[in-house]
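> Residues per chain are reported as follows:
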Amino acid sequence: MRIVVTAKYVPDINTERGFSEGRVVRTAGEGTLNELDENAIEAALQLVEAERASGRVGPDEGEVVVVTMAGPDGDLALRKAFQLGVDRGIRVSDDALAGSDYFGTAAVLAAAVRRLGDEAPVDLVVTGMAALDGLGSVVPTLLGAELGLPTLNLAKKVSLADPDGSGQRVLTITREIDDVTESLAAPLPALLSVTDGANQPRFPGFKLIMAARSKVIEVWSPADLGLDPAAAGSAGARTETLTAAPRPERPEVELVTDKGEGGVALADFLIRNDLV
Amino acid sequence: MTNRTVLVLLDPATEVRTSTLELLTIARGLGRVEAVTLEAPTVEVLAQLGAYGIETVHQAEPARDGSCVSGDERHLPAVVAAALAAAVRLTDADVVLLPTSFAAKEAAALAAHDLGAGLVIDASSLRDVHGHVVAGKRVFAGSWDTECAVTADVAVVTVRANSAVAQPAPAAVGPVTEGYAVEVPASSVTLLSREVKTDTSGRPPLDQAAVVVAGGRGTDGDFGPVEDLADALGAAVGASRDAAFEGWWDSYVGQTGVTIAPRVYIGAGISGAPHHRGGMQASQVIVAVNSDPEAPIFEICDFAVVGQLADVLPQAAAEIRKRKS
Ligand SMILES: Cc1cc2nc3c(=O)[nH]c(=O)nc-3n(C[C@H](O)[C@H](O)[C@H](O)COP(=O)(O)OP(=O)(O)OC[C@H]3O[C@@H](n4cnc5c(N)ncnc54)[C@H](O)[C@@H]3O)c2cc1C
Numbered sequence: 001m002r003i004v005v006t007a008k009y010v011p012d013i014n015t016e017r018g019f020s021e022g023r024v025v026r027t028a029g030e031g032t033l034n035e036l037d038e039n040a041i042e043a044a045l046q047l048v049e050a051e052r053a054s055g056r057v058g059p060d061e062g063e064v065v066v067v068t069m070a071g072p073d074g075d076l077a078l079r080k081a082f083q084l085g086v087d088r089g090i091r092v093s094d095d096a097l098a099g100s101d102y103f104g105t106a107a108v109l110a111a112a113v114r115r116l117g118d119e120a121p122v123d124l125v126v127t128g129m130a131a132l133d134g135l136g137s138v139v140p141t142l143l144g145a146e147l148g149l150p151t152l153n154l155a156k157k158v159s160l161a162d163p164d165g166s167g168q169r170v171l172t173i174t175r176e177i178d179d180v181t182e183s184l185a186a187p188l189p190a191l192l193s194v195t196d197g198a199n200q201p202r203f204p205g206f207k208l209i210m211a212a213r214s215k216v217i218e219v220w221s222p223a224d225l226g227l228d229p230a231a232a233g234s235a236g237a238r239t240e241t242l243t244a245a246p247r248p249e250r251p252e253v254e255l256v257t258d259k260g261e262g263g264v265a266l267a268d269f270l271i272r273n274d275l276v
Numbered sequence: 001m002t003n004r005t006v007l008v009l010l011d012p013a014t015e016v017r018t019s020t021l022e023l024l025t026i027a028r029g030l031g032r033v034e035a036v037t038l039e040a041p042t043v044e045v046l047a048q049l050g051a052y053g054i055e056t057v058h059q060a061e062p063a064r065d066g067s068c069v070s071g072d073e074r075h076l077p078a079v080v081a082a083a084l085a086a087a088v089r090l091t092d093a094d095v096v097l098l099p100t101s102f103a104a105k106e107a108a109a110l111a112a113h114d115l116g117a118g119l120v121i122d123a124s125s126l127r128d129v130h131g132h133v134v135a136g137k138r139v140f141a142g143s144w145d146t147e148c149a150v151t152a153d154v155a156v157v158t159v160r161a162n163s164a165v166a167q168p169a170p171a172a173v174g175p176v177t178e179g180y181a182v183e184v185p186a187s188s189v190t191l192l193s194r195e196v197k198t199d200t201s202g203r204p205p206l207d208q209a210a211v212v213v214a215g216g217r218g219t220d221g222d223f224g225p226v227e228d229l230a231d232a233l234g235a236a237v238g239a240s241r242d243a244a245f246e247g248w249w250d251s252y253v254g255q256t257g258v259t260i261a262p263r264v265y266i267g268a269g270i271s272g273a274p275h276h277r278g279g280m281q282a283s284q285v286i287v288a289v290n291s292d293p294e295a296p297i298f299e300i301c302d303f304a305v306v307g308q309l310a311d312v313l314p315q316a317a318a319e320i321r322k323r324k325s
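Going line by line, the protein sequences match chains H and G.
Each residue of the first sequence is one higher than the last, beginning at 1 in the UniProt record's numbering.
Each residue of the second sequence is one higher than the last, beginning at 1 in the UniProt record's numbering.
These are calculated hints, taken from the structure and not from any lab test.
Among the hints, a few may not be true.
Claimed, not checked - No farther apart than 30 Å at their CA atoms in a straight line, the calculated lysine-lysine pairs in the DSS-like style are these:
no. : chain 1 : residue 1 : chain 2 : residue 2
1   : H       : LYS157    : G       : LYS197
2   : G       : LYS322    : H       : LYS259
3   : H       : LYS259    : G       : LYS324
4   : G       : LYS322    : H       : LYS156
Stated by the list, open to error - Simulated DEER-style distance windows between Cβ atoms:
no. : chain 1 : residue 1 : chain 2 : residue 2 : range
5   : H       : LEU208    : G       : CYS68     : 50 to 56 Å
6   : H       : LEU208    : G       : ALA63     : 30 to 36 Å
7   : G       : ARG127    : H       : PRO246    : 36 to 42 Å
Said to hold, decoys possible - Derived, one-sided and incomplete: chain G residues facing chain H with beta-carbon distance under 10 Å:
no. : residue
8   : GLU44
9   : GLU61
10  : ASP65
11  : ALA103
12  : ALA104
13  : ILE121
14  : ASP122
15  : ALA164
16  : VAL165
17  : ARG203
18  : VAL211
19  : ALA244
20  : TRP248
21  : VAL289
22  : ALA304
23  : GLN315
The structure presented is a predicted model; accordingly, all values stated were derived computationally and were not measured.
Glycine is no exception: its CB is placed at the ideal position from the N, C-alpha and C atoms.
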């Protein structure tokens, strides 16, 4: 069972986030592994562990590889992934990749998965449901399309089985999207994206924290992946940011302490402002 | 006005939600608007589309390997995407608009991938600038406003509910439905089951409502006061993720839940964690009821009551009912 997880380095949600010259400002030390990718890593680790427990693979077989597209700061995200127990971390990096849109990002990640596939077959690609900076939620779908893999998105429940005993493993998911509950299945290899309801990411253990410090991060360039730089980065983008401005500050909050009339004050505020 | 063709997705074709009427209104500002469906629109739906100026409804007839794709499978993102891409090729359309939802995002991404189109997710406005489609978008929990131009020939855009005020066209028309064949690519994804939640509350859907009352951990599991105020206001009810994960309420507001931007958001017993703010901070007016005067949600509020929600909400509901009658 060989699983590739894609992960993103994003500005910490608890810090001020903003733009400069149309791009997200990334200050060293203020970024982190996208929290939702922890769910992807957890799902991958659990699947490998389940395969080992079932005896379908040996106790030392199976691998979880994490790939990120980022500048050198992105190593912070990979270190966090190592702490959680992934086996291998790869950063795809190049100045020309800056400003990639959804399609460029998917193309680069797909090229990295393909190269990993050239080394040994990749059974599954797992992603988080969204990156907490952009929140587009479309890169998993595009990555699946680039790779030509069946795509099971936004899983809340995941299970892997060998239903007819042929050795062909089938992934089944349940998802609740909008007002619909669906159950979908696809044979491996496949692409899976998981929601934050799919699992509870584990806490890093001391041994893994220590080991994560010295793990080697592989850095790949677009050339290593046989990628045309024009396919990604701002050169290949199909949208162009024109303006970015902080929204005007809200006026000072009108704060009422309830001494028995708080509800009336609330109703009064809504009626007074024509909001009812 | 340009001679652009704008396609708007209508899925399901059995109702036109307010968010779709808003979308049709926005679409009219960009060009000539036509609808795309995957099933026959009802008579009521056609009348509504006509009132919004839609003359042509393209009804996809999807088939895979020579057999017709029917039933629930028609709503699968891959099928919707194939229908949209085929409709663009058929009509030579320049823009495809979908209301924002997780299913629509997936269909939009696949259609854009197929068409080589530019993709914008969660736009809050759309306008024409020198022949380019320019989308406005609120990012970082609504704290920044950005605008981006689509530079590809075709633009696929999902638009958030409450981005415009729905307005019928100056003159109503009688829409004509035209079928068109769609070849859906082979797929090894099997749909095992699909169930649409039927909402019997009579409240507007959370992702579209103009007013939302949301309850958090502070409700301690009792959503009665939240529902009471929502009903007095004709509002939708939402929750924080923690309240939803406790099983106290179905759907939650936030970055990984439903993203909303209603006219009014009222949060009760919700602390205002960044993940929650990310899904509601773009609301026009924010009101909070919280017993803790230091609750972070107060930093982004327009109006706040420090107090017990079990006292404040029912009193507000009663007062609103009294004043409205
Ligand atoms: C990756 C990730 C994604 C997440 N996505 C989301 C998301 O999309 N949406 C979301 O909501 N959360 C999300 N969360 C969780 C989020 O971080 C917070 O934990 C959650 O929003 C807190 O919910 P709460 O405000 O109901 O609870 P709390 O933070 O516990 O706040 C409860 C509030 O109720 C007040 N209170 C208590 N009793 C009363 C009373 N009687 N009357 C009035 N007030 C009272 C308290 O003062 C407190 O402020 C996410 C977390 C992670 C890690």
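> Next step is simple, just say for each hint if it's right about the structure.
Hint check results:
1. H:LYS157 - G:LYS197: holds, 18 Å
2. G:LYS322 - H:LYS259: holds, 21 Å
3. H:LYS259 - G:LYS324: The given pair, whose Cα atoms are some 24 Å apart, holds under the 30 Å limit.
4. G:LYS322 - H:LYS156: violated, 44 Å
5. H:LEU208 - G:CYS68: 50 to 56 Å: Hint holds: Cβ distance 53 Å, inside 50 to 56 Å.
6. H:LEU208 - G:ALA63: 30 to 36 Å: violated, 51 Å
7. G:ARG127 - H:PRO246: 36 to 42 Å: violated, 21 Å
8. GLU44: Since the shortest Cβ distance to chain H is 20 Å, the answer is violated.
9. GLU61: violated, 23 Å
10. ASP65: Result: violated, 16 Å to nearest chain H Cβ.
11. ALA103: Given a least distance of 6 Å, the restraint on G:ALA103 holds.
12. ALA104: Since the shortest Cβ distance to chain H is 8 Å, the answer is holds.
13. ILE121: Holds. Min distance 4 Å.
14. ASP122: Nearest chain H Cβ about 7 Å off; hint holds.
15. ALA164: violated, 18 Å
16. VAL165: Result: violated, 14 Å to nearest chain H Cβ.
17. ARG203: violated, 13 Å
18. VAL211: Nearest chain H Cβ about 7 Å off; hint holds.
19. ALA244: holds, 9 Å
20. TRP248: violated, 15 Å
21. VAL289: holds, 7 Å
22. ALA304: holds, 5 Å
23. GLN315: holds, 2 Å
Consistency with the previously given hints fails for numbers 4, 6, 7, 8, 9, 10, 15, 16, 17, 20, ordered from lowest to highest.
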